[in-house]
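Asker: What follows is each chain in one-letter form.
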Amino acid sequence: MTAQSAHNLVADSLGSPAAAPAAARSPDAQVIAFNPPRAPLGERVWISAQGWFAAIVPPILVLLALLFIWELAFSDPKSSLPPPSKVWQDSKDLIVDPFFVNGPQDIGLGLRVMTSLQRVIMGFGLAAIVGVLLGALVGQSVWAMRGLDPIFQVLRTVPPLAWLPISLAAFRDANPSAIFVIFITAIWPIIINTAVGIRNIPQDYRNVAAVLRLNHLEFFWRIMIPAAAPYIFTGLRIGIGLSWLAIVAAEMLTGGVGIGFFIWDAWNSSRLSDIVVALVYIGVVGFVLDRIVAGIGHLATRGTQAT
Amino acid sequence: MLPFLKVEQVNKSFARGAATTEVLRNINLTISRGEYVSIIGHSGCGKSTLLNLIAGLAKITTGGIILDNREVNEPGPDRAVVFQNHSLLPWLTTYQNVKLAVDKVFSQSKSRSERHTWTMHNLELVQMVHAKDKLPAEISGGMKQRVGIARALAMEPKVLLLDEPFGALDALTRAHLQDSVMQIHARLGNTVIMITHDVDEAVLLSDRIVMMTNGPSATIGEVLDVPLPRPRKRLELSSDPTYLRSREAVMRFLYERHRAPSLQAA
Ligand SMILES: Nc1ncnc2c1ncn2[C@@H]1O[C@H](COP(=O)(O)OP(=O)(O)OP(=O)(O)O)[C@@H](O)[C@H]1O
Ligand SMILES: [Mg+2]
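Protein chains in written order, with this note's numbering: chain A, 1 to 307; chain B, 1001 to 1266.
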C-alpha cells in the first residue's frame, strides 16, 4: 500500500500533460519504495506472547480462585453439592475421555455433544436459510412487513419448550421434533435482524442497482446479502445461542443420547458430579459456537464497515 | 445540432400525506450530443432532483424528458450516474465495482475476456489500475470518486450524470480530477451533465452553465454560454477575459439576484 500510494501521488501530479492519454504515466513518475521498519523476529514473538499472556492469565487466576472458594464452601461431607475434588473423583472417566463407548447408553460426553450438535446444526441451518429469505421479504416489501411482522412479534415470544408438545404431535418422533424446536427458536432473531439490515440498505446502493438494472436475483445476491451481512450475522449469533439453550431443554424431555438427556438422566440417578461436568461441556460448546459464528461473520463482512 | 436530450415542461412535486411541495417548475432544457453542461444553484434548490429525474431514479410529476428520441421513465445504464458520495459497493474491490457494471451492461455483447479488458481499460482511464484489488475503505476519497467515474464511463452511457462529483474533496485533489474529467471528455466526447456548487469549476469545465433559481418551485433562471476554446488550461484561464466575464456573470446571478434564502432573511 505504501509504495503504491507514493507512486500514485507522483503519477497524478498536476504536471502530467493535459492532452496526453490518461493511461500513459507522466515521465517523472517513479516508484518510491517505502518499507516500514519491521521489528526483529524475537521482539515480535515477545510482543505477541505478552498479548496471549494478558488474555489467558487473568481468567485462569479467577478460575482457580473460584474453584478454591467452591472447594471450601462444599468440603463438608454433608453438603448438598459436590466440591471440585469430589467431581473429579466421581466423574474422572467423563472428564478425561470425552469419546469412550461402553454401551448404547454409556458413552463419552464428547459423543453426546456431537449428537446434540447435529440437531442444532440441522435446525439452525434451516432457520438461517428460511430466516434470511423471510427477513429479506419483510425488509424489502412494505406489504409483507405489514402482514407478517405482527405475527412474528407474537410468535417470537413463545418460549422454545412450549413448541415441543405440538411438534411431537406433528412429527411423532423425538429427533425431528427437537430439530423443529431449534428451528423455531432460532429463526426469529434471524428474520428480524435481516429485515432491519435490508431496510437500512442505503438508497445509494439501491440507486446503483437501479441504474445497472439488476434483476431481483442479482439484487438479492449482489446488494442485499452483502449490505445486510453485519445485521444478518448479529441475528445468526443470537440464533445459535438460543438454539444451544433450546436443545438442552428439549433433549431433557425427548430423551435419546444428547447432552440434555444426559443431565436429566444423571439427576434421576443422583449423579450430581456428572451434571457439573456436563454443564462445563455445555458452556464451553456454547461459547465455541458463538465464536465460530462471530468469526465467520467477521470474515464475511470485511469491508462492509467503515467506508 | 439536433437536440440529443430534451427536458420539456418538467414539474416535480413531492407528496407527503396531504401536503405536496413543488420543487421544480417549468424546467426546459435542450442539450446536444457531446455537450458539457453544468447545473449550478444554491443548496436545496432541486439540482439533485433534476438529475434524478433525468436518471430516471425519480418520477416526473408532469412534463417529459426525451433522450435520443426515447422517453425517459426508468433508470438505465445509458444514463450513468456518479453520485455525490461515490456510492461504491464497499464489499467489492475497485476492480469488482467496475466489473459489476461491465458484466451487467455487456453481458451479451462482450466475451468474458473482453469484459475484463474493458474493465481494466476504464480503470486505466482514471489511473486506478494500481489499486484495483483494494476495497473502497482502503483508498482515499479522491480515488473512490475516480472509481465511481470509471464505473460510469464503463457503461458507455449516452449521458454521464455527475452529482457534485468533486464536492467532498480538497482543492488539490479536486483540480486533479477536474483535469482528468476534461481529458476524458476530450477523448471520448461524452455528453455530460454536472451539478456543482463551485463557480470556477462550472466555468472551467462547461460549454454551458444552467443557473437555477431558489426553491421551492425552482426553475432555470438563466443559461450562460462559455465560449472558451478547448483544451482549456486552468493556469492560462485565470486571466482570460472571457473566463473572467463568464465567472462574473455566474457570480452575479448567484450572489446578487438569487441570493441564498438564509442570506436574504438575514
Ligand atoms: N424524497 C423527497 N421527498 C420530499 N422532499 C424532497 C425529496 N427529495 C428532495 N426533496 C426536497 O426537494 C428540495 C430539493 O432537493 P435537492 O436534493 O434536489 O436539492 P439540491 O439542489 O441537490 O441541494 P444540494 O445542493 O444541497 O445537494 C429540497 O427542499 C428537499 O427537501
Ligand atoms: Mg444535491
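Simulated from the structure, these hints should not be mistaken for lab results. Worth double-checking, as some hints may not be accurate.
What the hints assert, rightly or not - Per label pair, the in silico range of CB-to-CB distance:
(1) A/R213 / B/T1062: 22 to 28 angstroms
(2) B/G1017 / A/V130: 57 to 63 angstroms
(3) A/V142 / B/E1022: 23 to 29 angstroms
(4) B/D1133 / A/Q89: 58 to 64 angstroms
(5) B/E1008 / A/L217: 35 to 41 angstroms
As the structure is a computational prediction, the values presented were derived from the model and not from experiment. The C-beta atom is built at its ideal place from N, Cα and C for all residues, glycine as well.
Asker: Are the hints correct? Go through all of them and say.
Answerer: Checked hints:
no.	hint	verdict
1	A/R213 / B/T1062: 22 to 28 angstroms	holds (26 angstroms)
2	B/G1017 / A/V130: 57 to 63 angstroms	violated (36 angstroms)
3	A/V142 / B/E1022: 23 to 29 angstroms	holds (26 angstroms)
4	B/D1133 / A/Q89: 58 to 64 angstroms	holds (59 angstroms)
5	B/E1008 / A/L217: 35 to 41 angstroms	holds (37 angstroms)
In summary, the structure is inconsistent with hint 2 from the numbered list given earlier, while agreeing with all the others.
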